[in-house]
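Asker: Assembling the complex is the task here: the two chains are given apart, and the hints tell you how they should meet.
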Amino acid sequence: MLPVIALAIAVEGAALVCGANIRGLNSGLIRGFVFLGQMFPPDWSAFPELLGPAFDTIIIAILGTFFGTIISLGFGLAAASNVAPRWLRRLTRGMIRIERAIPEIVILLFLVAAFGLGPFGGVISLTIGCIGMLGKLFADAIEEIDPVSIEAIEALGASKFQVIYYGVLQPVIPAIISFALFRFELNIRLSVILGAVGAGGIGLELYRAFSLLDYNRGCSALIITLALVFITERLSEYLRSKVRLEGALR
Amino acid sequence: MKQPSLYTLPSVRYRRKVTVFSLIVLLTVATCIYLGFDPLMLFTEFHYVVDLAGNMLPPNFELFRSNGHVWWAILETISMAFLGTIYGGLIAFVLAFLAASNTMPAWAVRQVVRFSLSLMRVIPSLVIILVFVVAIGLGPFAGMLTLVWTTIGTFGQLFTQVIENIEPGPSEAMYAIGASRTQVIRYAILPEIFPSFIANLLYSFDINMRAALALGIFGGGGIGFELYMAMRVLRYKDALALVCFTIVLITIVEKLSDHLRKKVLGAGALK
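So the protein sequences, as listed, match chains A and G. Position 174 of the first sequence, counted from 1, bears residue number 174 in our numbering, the numbering being contiguous throughout. Counting from 1 along the second sequence, just add 1000 to a position and that's the residue number in our numbering.
Just chain G, with the same shape it has in the complex (with noise of 0.2 Å):
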């Protein structure tokens, strides 16, 4: 039974735990203020979305019968994440081995090799493909330097930590009976790495054909600039199927990534 007659004062938590909720509705509605961004808007200019869904219903699946110029958008986009996938990955996995403590003795090198990899990693992907653009000119050869330049960043730190992270036994072992640092590289580290580069570089793959599909929209050809121009033209039914055709894609892609992956890195080893 409650006591009615027992006034306290609400507890620390609870005055914390309101102070912090009033405070984020508060940062929150001043926000949406500041950038005239209203979330009601969704419910009642709901009619527009209403309207370019009439506009775009139904798909007009008939443009990869007609159009054989789509097709080659399809290969455009699939070899420039292939590209860049394989490229970038193999320039990773060299200079992760420049970066890895475990590998590479001069303390200066390491440094050197991590902050251009961190200084990739920060410079978005946009900047990346106008300077490109414009070295190089429009079209897939653009969207996949950017694409090698993008992977190199992201997985030139994930194979240092992999590298980083092996178990020193065998290596150790090698050490102790003679072996140079080359044949330390070859015989215990590389093979204990192999599975996990492998397993990676599908991933890479994964996440580089969605990348792949963006970039094409600021010149990097293949399907995305497809999609661009279908929706600048007002082709609204040819942009769905072109959606439609996409979402297929990526995920087969992703299926297909997953199912190697667990192949390569054994049952189990893949949540």
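Same shape as in the complex, but just chain A (with noise of 0.2 Å):
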């Protein structure tokens, strides 16, 4: 009963720090819904110019994933036990580890103060906010695996690059890919976000028109978003299955 009790007390202290409560959600509600009919009907005319808009967003997601996949590889070798030597792993596994608690809208608001808005500090704050997830998937997978093959490779005299390359990284590809392709969902979805806090693209037009108030343009960007990232998670999800039936036959 105590952990009930006690679970109780800390909903009512956060509720009570949030300011929530029953009234404002039911008002909220109802202004919520009016808001909603309000962005109806989309803006047609509007499909045409926010394309340009969009396009920017999937390539920045798509820059950002694929250096994004080459450092962490980077890091994952540096922080994988079997391949590197102790102190810089431990090293490299506390960078990752330290990147994994940074979000990248924060990135992205320290690059945007040293290099102005723009693109660029969208590809390079998603860049390295790969660095925190790949990096330790990646050790991980290289840790796994098994230590009979690397050996096999070395015995037949093969030098260090060699062994990393065809021992190490080889039997790695399908999980590399596969990783990096749910990496590139997350960065279509993290790349409209950045986008409204200056990294320009689709997140930038929505940001904008709900601040205008120009609710039926904010409707039209909803939709494209929302296609969008449809699209990327049915694409993501075929090739992920692809690859794993493909690495499976191997």
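Simulated from the structure, these hints should not be mistaken for lab results. Note that the structure is predicted; figures quoted are calculated from it, not measured. Backbone N, C-alpha and C define an ideal beta-carbon position, used for all residues, glycine too. Any given hint might turn out to be false.
Stated by the list, open to error - Computed beta-carbon distance windows for the label pairs:
#1 L7/A - M1041/G: 45 to 55 Å
#2 I5/A - G1137/G: 52 to 62 Å
#3 P3/A - R1016/G: 26 to 36 Å
#4 W1071/G - A227/A: 38 to 48 Å
#5 P1039/G - F33/A: 41 to 51 Å
#6 R234/A - R1016/G: 20 to 30 Å
#7 R86/A - A1106/G: 55 to 65 Å
#8 I5/A - A1106/G: 45 to 55 Å
#9 R90/A - G1169/G: 38 to 48 Å
Stated by the list, open to error - Result set (SDA-like, lysine to any residue): computed pairs, CA atoms no more than 20 Å apart in a straight line:
#10 K1262/G - I1252/G
#11 K1263/G - L7/A
#12 K136/A - A1173/G
Answerer: See the structure below:
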């Protein structure tokens, strides 16, 4: 019984801090529905001019994922116990952990402060953002490689580089691709959000339309965003199932 | 020994590899040019980063002593994540029973719930926070409702899978001795999925903590908003202090969540 009471007190306290109450929710929901009603119909004439920003958002996500995967691979190798020396592994794992604790949006805020607004900051912050997740996943995947195969390649007289290329990288390629595709899905969403803070693209259009109270245009941007997220999710899922299949056959 | 006289065309596999590789390189270069993104700018324009670092260091930790408002903001962020997890998790829990094929016999209900869950997942949190800010007003309440929304979307689907993947044996045995559907859910399914429910809730709190920070920037209040304001008025020393604190906070929450999850699921269940 005690945990339940403690939980109830915690919930009440948190609600007090947040200013959450049922009356606010009720009146808010009514206002929300009125607001949603105002959004319709979408501004059809805005669609052609919104396609450009939508394309920018996709490109930012693709480039961020691409560069992020390459850099994370370096981090993954340096953080794997069967490749890197102990001190390097410790250091890299620590860096990965710290990166994971910083949201991409905070990285973007600093990049915007340094380099100004624009897609540059967006791509770089997505690239850095990949390290925290992909670096750890890659390192774990590399650590799970059967040591026998690495020893066999070493026994053939392969150089350190050859061992890493044939013994370490080749077996984890399916894992790398499928993790990168998964991250791409996340990056599309992040790219929309980062857009509103200064990376440009459809996120900025969305945010601007809402701030200028141009809700019909906001609705158009929303529809494009939904289509974008939905299509990339399906595509990534399909490609991942294909990679898994090929990886299993090999 | 190699035989230099033997001229063969590269193998099909090799050619395929080269094609894929050069296509990727070409595409990357083309998109970089289209976007006006120059990766080398990071190095040629590095002095901006140095300037910024000069402005940020040392972080102004005095902020936490002199300004009580910061602690309130931290409390707001934690409460937001906590309530979002609790309410979102509970609603997702109920919806999961309506969406799982072994607890909900009506096909139509299942499909409707599943469709709404996937619709909730597709809508980016940016849109949801914008709508809630209009409906509720700026502040942590709007952020909390956004977290409830996103938690329902992701964890509803997760719990559905958990319920559908349980061992069918106990439920079948209970049906065989004439138990009703509610009795089966109460005595066979609930005890089995409860640990996993708690574990996922803890994991969700971990995720929501990070999301709460980001939502603050768009009007969700809390430490994210403080950070955004500090950056906007160019008080970089304060901003860095907040980021340092955030890193510590998120790391603690992650460790705690991992530790508790291990306890709930038993040793070795979580890697």
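Asker: Does each hint fit the structure? Answer for all of them.
Answerer: Going through the hints against the structure:
Checked against the hint of 45 to 55 Å, the pair L7/A and M1041/G passes, with Cβ atoms roughly 51 Å apart. A C-beta distance of roughly 32 Å is found between I5/A and G1137/G, which places it outside the suggested range of 52 to 62 Å. Range check, P3/A to R1016/G: about 59 Å between beta-carbon atoms, so the 26 to 36 Å window is missed. Distance hint check for W1071/G and A227/A: the Cβ-Cβ separation is about 43 Å, which falls inside the suggested range of 38 to 48 Å.
Checking the proposed 41 to 51 Å range against P1039/G and F33/A shows it holds: the Cβ atoms sit about 46 Å from each other. For R234/A paired with R1016/G, a C-beta distance near 26 Å keeps the hint of 20 to 30 Å intact. A C-beta distance of roughly 58 Å is found between R86/A and A1106/G, which places it inside the suggested range of 55 to 65 Å. Distance hint check for I5/A and A1106/G: the Cβ-Cβ separation is about 37 Å, which falls outside the suggested range of 45 to 55 Å.
Taking 38 to 48 Å as the suggested C-beta distance range, the pair R90/A and G1169/G conforms, at roughly 46 Å. Annotation: proposed proximity of K1262/G to I1252/G holds, straight-line Cα distance about 15 Å (limit 20 Å). This hinted pair checks out: K1263/G and L7/A have alpha carbons roughly 18 Å apart, not beyond 20 Å. Of the pairs offered as hints, the one joining K136/A and A1173/G is violated, with about 43 Å between alpha carbons and a cut-off of 20 Å exceeded.
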